[in-house]
Amino acid sequence: MKGISLSSVIQVINLEKQSCDIEARAGGQCGQLHFREGTLVDALADGLAGEDAAYEILGWDDPEFDVSTEHSPRDRTIEADLTQMLLEIARRRDEELEESARSAAAQDSVAPHAAPPAPPLVESASGNGRGGAQAEPDIMAEMEAALAEVRVEPEIEAAPEPHGAPGRAPAPPTRGAPPATAVRSGLSAAGLKRVVQLAKDGLGDALLSADLFSSADGTSYVGVNSRPAVCALVNQVTERLNRAFDKGGLPPLGRYYMAELDGSGLLLVAPCGDLQLVLVVDTGRVQLGLLINVVLPEVLAALEEVSPG
Amino acid sequence: MKVFTASGIEGSTPCFRRFLSAVRSYGADVGVLLGDLTGRKVVSAIRTGPSTWTVPLDGKVHEVDSPTALAELTGHISDHGDYWLEQTPEEYEHLRSNQSLVELYFKSLVRQRIEEWLTLADEKLGADGPPVFVAPGCGDWRIIDELFEHGGRLLPCDDRVVQIDGYQMVTSSSSGPTEWELVREMDDRRLYTKLLELCSGVGDPDFAILNLQAESRATQRIVKRFQPLVRFRGSAQGGNGGASKQGRTLELSPRSPMVEDAAPTLHGVLVQLEGGAVKDYVFTEA
Numbered sequence: 006m007k008g009i010s011l012s013s014v015i016q017v018i019n020l021e022k023q024s025c026d027i028e029a030r031a032g033g034q035c036g037q038l039h040f041r042e043g044t045l046v047d048a049l050a051d052g053l054a055g056e057d058a059a060y061e062i063l064g065w066d067d068p069e070f071d072v073s074t075e076h077s078p079r080d081r082t083i084e085a086d087l088t089q090m091l092l093e094i095a096r097r098r099d100e101e102l103e104e105s106a107r108s109a110a111a112q113d114s115v116a117p118h119a120a121p122p123a124p125p126l127v128e129s130a131s132g133n134g135r136g137g138a139q140a141e142p143d144i145m146a147e148m149e150a151a152l153a154e155v156r157v158e159p160e161i162e163a164a165p166e167p168h169g170a171p172g173r174a175p176a177p178p179t180r181g182a183p184p185a186t187a188v189r190s191g192l193s194a195a196g197l198k199r200v201v202q203l204a205k206d207g208l209g210d211a212l213l214s215a216d217l218f219s220s221a222d223g224t225s226y227v228g229v230n231s232r233p234a235v236c237a238l239v240n241q242v243t244e245r246l247n248r249a250f251d252k253g254g255l256p257p258l259g260r261y262y263m264a265e266l267d268g269s270g271l272l273l274v275a276p277c278g279d280l281q282l283v284l285v286v287d288t289g290r291v292q293l294g295l296l297i298n299v300v301l302p303e304v305l306a307a308l309e310e311v312s313p314g
Numbered sequence: 002m003k004v005f006t007a008s009g010i011e012g013s014t015p016c017f018r019r020f021l022s023a024v025r026s027y028g029a030d031v032g033v034l035l036g037d038l039t040g041r042k043v044v045s046a047i048r049t050g051p052s053t054w055t056v057p058l059d060g061k062v063h064e065v066d067s068p069t070a071l072a073e074l075t076g077h078i079s080d081h082g083d084y085w086l087e088q089t090p091e092e093y094e095h096l097r098s099n100q101s102l103v104e105l106y107f108k109s110l111v112r113q114r115i116e117e118w119l120t121l122a123d124e125k126l127g128a129d130g131p132p133v134f135v136a137p138g139c140g141d142w143r144i145i146d147e148l149f150e151h152g153g154r155l156l157p158c159d160d161r162v163v164q165i166d167g168y169q170m171v172t173s174s175s176s177g178p179t180e181w182e183l184v185r186e187m188d189d190r191r192l193y194t195k196l197l198e199l200c201s202g203v204g205d206p207d208f209a210i211l212n213l214q215a216e217s218r219a220t221q222r223i224v225k226r227f228q229p230l231v232r233f234r235g236s237a238q239g240g241n242g243g244a245s246k247q248g249r250t251l252e253l254s255p256r257s258p259m260v261e262d263a264a265p266t267l268h269g270v271l272v273q274l275e276g277g278a279v280k281d282y283v284f285t286e287a
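These protein sequence lines are chains G and U, in that order.
In short: position in the first sequence from 1, add 5, done, that's our numbering.
In short: position in the second sequence from 1, add 1, done, that's our numbering.
None of the hints are false.
In the EDC-like style, the derived pairs of lysine to aspartate or glutamate whose C-alpha atoms are separated by at most 16 Å in a straight line are:
id	chain 1	residue 1	chain 2	residue 2
1	G	K7	U	E92
2	G	K7	U	E87
3	G	K7	U	E91
Just a sample of chain G residues kept apart from chain U, beta carbon distances all over 10 Å, derived:
id	residue
4	G55
5	M90
6	S105
7	D222
8	E309
A few chain U positions that, by computed beta-carbon distances, are all more than 10 Å from chain G:
id	residue
9	T53
10	P90
11	A128
12	D129
13	L156
14	D159
15	G167
16	Q169
17	D189
18	T194
19	L199
20	G202
21	D205
22	A244
These aren't lab readings, by the way, just hints derived from the structure by calculation.
Where is the CB? At the ideal position from N, CA and C, for every residue including glycine.
Between the sequences and the hints, there should be enough to build the whole structure, so can you do that?
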């Protein structure tokens with residue numbers, strides 16, 4: 006049985022005063038929990054019995070388990086209250102998480118300060134990297150190809166915090182993350198991450214990718230399913246739109262622009278000072294009203310907050 | 002004071018996220034989320050091979066041939082508020098003949114999702130956001146009630162009177178008799194007595210908000226007798242909702258989600274109250 010947690014099942018058994026036996030397995034270990042009218046009366050686990058066995062089983066990460074409503078009589082060996090035991094387990098887990106966070110922070114403190122050179126994405130898009138009418142079809146083709154990539158694991162990939170002494174060894178790259186890029190001075194890494202987090206929270210799995218990148222060189226600072234090529238190409242599109250609007254006597258770009266993609270995709274770009282946010286959204290999974298009226302204002306406010314420009 | 006009230010999200014996490022975002026985005030001083038909060042069914046994902054599953058869903062059998070496709074399908078199930086459980090064929094057969102076990106797992110999944118929402122609310126609302134109240138609906142199992150009593154950012158308001166910025170808000174998840182034999186239904190006489198007792202805690206009806214989702218003779222009598230400034234009520238499945246007057250009371254009913262809605266949708270209403278009067282209201286859909 007997968008998709009359900011042992012602690013949720015135990016709490017319902019307890020609340021509803023049910024009698025049943027649970028057999029749990031994790032990492033080659035196995036154990037049993039015995040409930041009578043909602044009370045945990047006995048437990049066994051790899052040579053342990055009673056309360057010790059119960060703590061052992063309840064501390065396992067994501068165990069597999071079977072519940073049997075057919076149960077035999079058991080002597081009571083556990084007197085502790087189940088709720089208190091679950092709270093104690095939660096407290097121990099929190100302590101472990103804090104310890105891991107402290108270790109991670111110590112690791113971060115040796116992150117590099119200077120950014121490695123940005124990849125030559127601009128050149129790959131247009132040949133000479135800037136301007137030129139003949140470059141535009143290439144940009145669109147490149148963008149189409151870049152957007153066609155499908156990536157999974159929409160975890161936020163952030164550049165390391167801008168601290169640590171220059172010259173120290175860089176932290177190892179995380180799985181699926183783009184090359185590590187230090188956030189340039191004056192920008193808050195936490196603030197940048199928050200902008201993308203808000204988009205992720207608001208759009209859920211409708212968010213196919215997100216990148217917050219520098220308008221100076223198209224380098225992505227933080228992203229979800231980060232697409233560096235899209236950043237570089239969008240950077241050029243924004244620049245050309247601004248130039249075209251200027252030449253055409255139109256007001257400059259406002260807070261964002263959008264492009265409908267073939268299928269159910271939507272590309273949304275929000276230039277803000279020296280930063281640009283690019284979101285690729287599956288409109289089949291989110292209503293435009295939610296995107297425009299609820300999620301976007303929140304994301305733009307956070308973007309304005311974090312952008313020094 | 003602006004109150005944003007939404008209802009009937011029925012287990013959908015995307016709708017819950019939208020509710021949390023909307024409270025801030027609409028500039029509400031108070032958020033209220035009314036039931037039903039929980040989903041309606043558990044879907045079995047039966048593992049038939051190392052990377053294959055059979056998923057009976059809505060009268061069709063989906064043959065799934067990769068973990069990615071399974072994640073997509075179960076994501077769709079969860080987004081629409083339902084629950085899923087991966088099982089071996091033996092476990093599936095065992096569950097089919099053991100209704101009490103099915104109910105145990107169903108209730109556990111329901112609690113699990115509400116616990117996830119509590120964490121999400123604490124993260125998204127932060128310490129300085131507006132107060133957000135929550136009450137289950139008459140179809141929600143009682144096992145979720147105690148989850149809201151632990152001092153998180155979601156504040157319980159069921160079967161009590163809460164004070165909000167000079168107004169009193171009365172909420173009850175109880176309902177009169179229905180054809181569905183809901184968890185919180187009771188006969189009209191008992192319901193009337195219960196609501197009467199609850200409303201006796203209200204000072205000035207001009208500054209009272211009444212959240213009674215289900216409609217029955219008892220709720221109609223209570224509204225007629227107390228004449229609160231505004232009442233939030235649910236609408237029947239697929240109903241359009243809307244606004245109506247019952248004497249001095251403005252009754253507001255957000256549209257009910259359609260079963261066949263392609264994407265989960267949050268229906269709500271934003272009301273502006275000022276000096277014991279309804280200054281403005283707007284129905285929302287996100």
